[in-house]
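**Q** Sequence:
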Amino acid sequence: MELRALRYFVAVADELHFGRAAERLHIAQPAVSRQIARLERELGVRLLDRSPRRVRLTAAGHRVLAAARDALAAVDRVRDAAGTRAGTMRIGTAAGFTARLERGIDALREHPSALGVGVELVDLPLAARLDGVRRGEIDMALARGVRSAPGLRVLPAWTEQLFAVVSVRHRAAGRATADVADLAPGELRIPSRDHGLLLPEALTAAIRKAGAETRIDRLAGGTVQDTIVEVGSHPRSWTVLPGDQVAEIRSTRVRAIPFAPRATVTGSVVVPLDLPHTCAAAHQAAFGD
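The number in our numbering is simply the position in the sequence shown, starting from 1, with 66 added.
It is worth saying that the hints were derived from the structure and are not from the lab.
Please read these numbers as outputs of a predicted model, since none were measured by experiment.
It is possible that some hints are incorrect.
[Unchecked claim] If you anchor each label on the Cβ, the simulated ranges turn out as follows:
id, residue 1, residue 2, range
1, Ser-317, Arg-169, 21 to 27 angstroms
2, Thr-270, Ser-117, 53 to 59 angstroms
3, Gly-217, Pro-118, 26 to 32 angstroms
4, Ser-117, Met-67, 22 to 28 angstroms
5, Ala-103, Thr-270, 41 to 47 angstroms
6, Glu-314, Ala-132, 48 to 54 angstroms
7, Glu-68, Ala-271, 39 to 45 angstroms
Don't be surprised by glycine CBs; every beta carbon is placed ideally from N, CA and C.
Could you put together the complete structure from these sequences and hints?
**A** Listed below in structure tokens is the structure:
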């Protein structure tokens, strides 16, 4: 049983109207209806009598309402004891988003709906980030190369140029642009998909056409930082990183070179399907280019 369902139920019980409860909760009405229906299935009782004109609590609904209020009050007491803020937006993120997060959080805090709301960053692998939004454990996530995700709304927000990252001892290190055909004979090291980006299809096709198909699935250490260390230690290896991650490289053992022809990846804001359009648009604009 989710606390979110109890909160939605209490709001409907207070308002005796699904639309007004949704407005109070700042979410879409269908989301409220789904959570109440799920709660009723879990408890095995009907909590509300619904008709086109009115909503009323059943006898079981009155009993559950009192218990739900007690449960939510207990959660608030736990939060108070821990010193955490009730109004907190949790954002799923990973390495390589620092500058975008700084700009985006500043923009969000200027939005009227976010006044007084705190921000908590949650560093998670990509799959866990998406699952966290899906389960309601985090409010939104940033992701690269994700076109769609079941049960979520993926909002394209920015575009980043992609770079080949090579050791300073690599034969291409002194060039102005990187040619996939020249890089392919070396070993392509990509971070685990859970930590890195999903390469755009056009670049993946170019790499395979150049003869690197047997090495494209070679996973380096789990993180981007691990991959950079490995590339810097092997003169023939290389990796692919977006511009924001390249800007955070501090190693003097590697060099980032833009691809020719230019290659890009799309970055997106991922939010729940039931997030109101105005809120989703504000999130998308805050983290966009």
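**Q** Take the hints in turn and mark each one as holding or not.
**A** A quick look at each hint next to the structure:
1. Ser-317 to Arg-169: 21 to 27 angstroms: holds (25 angstroms)
2. Thr-270 to Ser-117: 53 to 59 angstroms: Given a distance of about 55 angstroms, which is inside 53 to 59 angstroms, the answer is holds.
3. Gly-217 to Pro-118: 26 to 32 angstroms: For Gly-217 and Pro-118 the Cβ distance comes to about 30 angstroms; the hint holds.
4. Ser-117 to Met-67: 22 to 28 angstroms: holds (26 angstroms)
5. Ala-103 to Thr-270: 41 to 47 angstroms: holds (42 angstroms)
6. Glu-314 to Ala-132: 48 to 54 angstroms: Taking Cβ atoms as reference, Glu-314 and Ala-132 lie about 52 angstroms apart, which means the hint holds.
7. Glu-68 to Ala-271: 39 to 45 angstroms: holds (43 angstroms)
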